[in-house]
Amino acid sequence: MTDQSMNLSQASPAHQEMLESLEQQLVALYEEKQQASADGAEMATMRESMASLEAQLIELYREKEELRSAA
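Note that the working numbering has the sequence shown beginning at 111, numbered continuously upward.
None of the hints are false.
Derived lysine to aspartate or glutamate pairs resembling DMTMM-like cross-links, with alpha carbons at most 25 Å apart: (1) 174 to 127; (2) 174 to 130; (3) 174 to 133; (4) 174 to 164; (5) 174 to 142; (6) 174 to 141.
Because the hints were derived from the structure by calculation, they are not lab data.
Build out the structure end to end from the sequences listed, making use of the hints.
Here is the structure:
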């Protein structure tokens, strides 16, 4: 078990709320970047930003699943 997974298994409700808030912020940013990309603004930069945000969302969902499993 890694240090990160040990920390997640001991996550407090405040930590879970923080993760949910971060998730909402990341989703909003992702949607904003997606809309800007659809409008044709700086396509390469937007794609990089979207890929980064998508990776962060995937990691966040993994952490949330670990939290649920540990509960």
